[in-house]
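> Sequence:
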Amino acid sequence: MVPVRTRGTDGGAPVAQNHLTVRVKGRSRERMAVTNAAARSTAARGRAVILVGLLVLAPFVVPPAEGQVSGTSWWPKFQRDVHNRGAVPLASLATDVHVRWQLHLSAPIVGENYSTPVFSPDNRTLYVGGSASTLSAVAWPEGVLRWQTTLGDATGVIHMSPVVGIDGAIYAGSWDAVIPYDGFARIRDIGASGTVDGAFAMRRALAGPTITSSGLVVVGGQHPTDGWRYYALESGASGLSLNWTAALLANPSDPASTGRIGAAPALSVGGGTAIFGSSDQNRTFWRISATDGAEEARIAMGAYCFSGTPAVSSDGYVFVGEGQDFAAPSDSNEGRLHVFGVDAQGVTVRVSALALGSGHLNGGLALRELPAGRTRVYVAANGNGKATAKLIAVDFDPALVGSDPPVNPLSTRWETPIGGSAFAYPHPVVGRDGVVYVIGPANHTLYAVRDTDAHADAAARGEVLWSMRLADISAVAGWAVASQRGPWGAVVGPDGRVLWNAPDGYLYALDGWRLGDLDGDGDVDAADVLLLEGAADDSEEFAIRFPEVDLMVVGDLDGDGEITVSDVERLAATLAGP
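For the sequence shown, counting from 1, position 122 maps to 122 in this note's numbering; every step adds exactly one.
Hints in this document: simulated from the structure, not taken from any laboratory.
Think of the CB as a built atom: it goes at the ideal place given N, C-alpha and C, for glycine as much as any other residue.
The hints are all genuine.
Simulated restraints on C-beta separations:
no., residue 1, residue 2, range
1, Val407, Asp343, 11 to 21 angstroms
2, Pro494, Gly236, 26 to 36 angstroms
3, Ser193, Pro406, 53 to 63 angstroms
4, Ser403, Ala527, 42 to 52 angstroms
5, Asp153, Arg124, 28 to 38 angstroms
6, Ala107, Val144, 11 to 21 angstroms
7, Val349, Trp101, 41 to 51 angstroms
I would like the entire structure built from these sequences, with the hints used as guidance.
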């Protein structure tokens, strides 16, 4: 047995373990270099070569090209791509997670806020909204404020996540009580400032925008005098101009007004259709031509879905969550996940729905592609004041659509509590290794939940790898969690750091060890497969236990408490992709 030397409880003293040698680089929060010191048999080396030979290492991945969001920006819009999939092609933070830097941007945000950071085309600047209608530009990865600009008055909040176009322009809007005012704007990042060079009158710009393949900026908001609408704006030399608009039906709770839009639109595969949810008269699921605004489908949901942001899978299915039906008993707390598709005649139909309970499902979704054409959907239920909030994993199997006898193609895989209950809209994101980042709606805690299907004879589960409470890291004295509502989403940077635009007015960058990063170089690649294979092969049962928690978390990819050949295969499959 070759000893492993890893940090002790004091952060620096080496402790003898087994099989690997860990060299500590300075302070405990800095990366550790891990080298394999175990002798491997010829057969073991052969298996490793075969595994590595099968790998297709993931390149720098940019969003799909169906729309005209920036094709070089790492994260140009809400949920990263025009389909709102919330999928991150990187290894996730697994342990030793800490605040790398924090930056004060605005006063604490009182009320709702959904703005998450987006990246510039050169990935050197972050743009994010905050209180007092302020849009901030932050140098990446340094975490230094470059400039701030105001889009509304001091009473407003930039709720939405901005979107970055192919020409580098930033589009964002503010929620404000002032009528009328130019609430949605195009901003140019020029030198040391942000210059507003186009605006469109919109009172409450709430839903994060997207950009279609023809260059139209599609956004939902409230017209100064004419209710809630979807807008498609042309971005030209003279500023922003209206191309088409679509009005909502009356809201049953307020017949004199139209409904409300909180859901960021998604584009269909190919980009020809914009897909929305709304809180109009029938709580409608909409499909609208992204080219001219012509209505393609309108399906009544019958429930509260205005913030249920849709997500579109690579095979064209549309997923959207909603809250309880208005006709349901007052003590009901049953949210549902819906999936829509297009039949052989080209008609949009509801394929299936699955009751999940645990409150409204009004946030965003994260999609993960599985073998055999299946999709795993991660959705956060907010508890709605009646139950514990949960992160829920749901599988969709398109092979079961239209089956005889009928079998629901949606099935719950697992549920994991994420704190108390609140009327909020969490939107998870998922890494390529199945780790989901989600913010608890009531406790303002960021959770990293590992999705593990460890063994055929064991139920899948969502295991909390780590969590971080905002109350424990906030630099704002006397900050009260109870008075804040959002944001409820994290963003992952191109180097794997996690960004959290928190309601205390600070932007936090979190760093730590990546899952599967055995050599500590900040990336997960073929070298880590070799190390992991060597660690597992030193036992006939492939069951080497590591008492050092950090190394155990990093190397135990299937979450069964052991380092085995299963972890090697899982790491190789992760790198190879779906």
